[in-house]
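Residue 362 in UniProt numbering sits at position 362 of the sequence shown, with consecutive numbering throughout.
Since the hints were made in silico from the structure, they are not lab data.
Bear in mind the structure is a predicted one, so any value in this text is a computation, not a measurement.
Hints may contain errors.
DEER-style ranges, computed between Cβ atoms [claimed, not checked]:
{"#": "1", "residue 1": "272", "residue 2": "335", "range": "30 to 36 Å"}
{"#": "2", "residue 1": "217", "residue 2": "168", "range": "31 to 37 Å"}
{"#": "3", "residue 1": "229", "residue 2": "268", "range": "37 to 43 Å"}
{"#": "4", "residue 1": "130", "residue 2": "341", "range": "45 to 51 Å"}
{"#": "5", "residue 1": "109", "residue 2": "240", "range": "57 to 63 Å"}
{"#": "6", "residue 1": "341", "residue 2": "268", "range": "33 to 39 Å"}
{"#": "7", "residue 1": "391", "residue 2": "124", "range": "45 to 51 Å"}
{"#": "8", "residue 1": "323", "residue 2": "391", "range": "29 to 35 Å"}
{"#": "9", "residue 1": "201", "residue 2": "111", "range": "55 to 61 Å"}
{"#": "10", "residue 1": "81", "residue 2": "225", "range": "42 to 48 Å"}
Idealized CB from N, CA, C, for every residue including glycine.
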Amino acid sequence: MKRAARAPVSLCWPILHGRHNLHMPQGRFLLNMSPHGCQTALGVYASSPATPLRRFSLPGTQEDGLSMHTTMNKSIQKRLDHMKHQFDDLSATLQTNEALSPEERGMLTKQLHALDPVMGMVRRIEQQREELRELHQLMEESKQTQDKELGALAEEDYKRILGELMDLEKELENEIMLELLGKDEADEKSAILEVRAAAGGQESQLFTMELFNMYSAYAEMKDWEWETLAVSDSEVGGYRESSACITGRGVFGRLKFETGVHRVQRVPETETQGRTHTSTVTVAVLPVAQEADIQILPKDIRVDTFRASGPGGQHVNKTDSANKDRAMKILRSRLYEIERERLASSRADQRRKQVGTGARHERIRTYNFPQSRITDHRCGLTVHDIESMMQGHHLDTFIDALVAHHSAEALNSIDLDSF
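With these hints in hand, go ahead and build the complete structure from the sequences.
Encoded structure:
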């Protein structure tokens, strides 16, 4: 593929070549290629020329088959420069200003320590850049002296350190991006998953069951605890609606992008003329709220209990208690989500709100069975392997792309002059 001029981008997104058949719209992402065994450490492709994004540049040449510079988003770079100045100012003030009160010194020291993780990574990056300069010089000298053994050793070390440098720069970029965007406190919570049949009748009900099972398989892969809360069976063997509580660290942060309308295209078994039918299923993901997050007073709720008549009083009482606990968990999570969206709406305009809360979108993803194709319409990612997808295997690929897309959109919406 011909290398084009770089276009403004907001996030590096890794593509693992050879594992998936992936298609991305041009000019949308910076493709951060694996530096190990690749001719170019960073491949950048775009649909239109634009001003290059430059940072952490190293002098170099293409003759050795290595690309010797990486890129950092301009917004993140601006924030990093600000943090560097802030760190230097705080350090100088603490060292030279003897008139500081204990309270002032403690406050400034706390601010300085908050910058330590980023500054530590910056120092390590500078050290690795210096090592690369020395190795590059050694490689050039070995060419002049025709010392192939020395050149091969230097090139091997160069590739290794370059890979470490790129990983470290990506870690630094993520750290600053989180600091810029502000981490959603709900991301670390467990989640309530609700999958409901929508348009399409029987096909929608069948696909509701398949999606529910896909998320169950994915939860098992992630070592999350899965508890089915409710399932409403349909006559055709699918589900009208289903819900589960998925417990684990960071569940909501991963699954929140699944919220929306999922469209399925396939030929039903009852279709005699081979026509493809389109159906839809809705997915909702809510953070599990603890009692400390949402206080529900007994006087504010009414509990209605319905049961079949007959013996078994003790068992019925236990079932009533379990059902009430589940209902309260769902109610608390829904109220928590309503409050989160209300606060988000009051803090930003509509565009920022949609980016910041993962607002629901019509037809967020299409599952085309005849073509074995899954396309996410938000980030433009397509994977051809629907059988593995329905077993949960490609869900991480989509979630990673959506996290990158969401972060890029949010980062572009930030007014950096406010920092």
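Checklist line | Non-conforming hints, listed in increasing numerical order | finding: 1, 3 and 7
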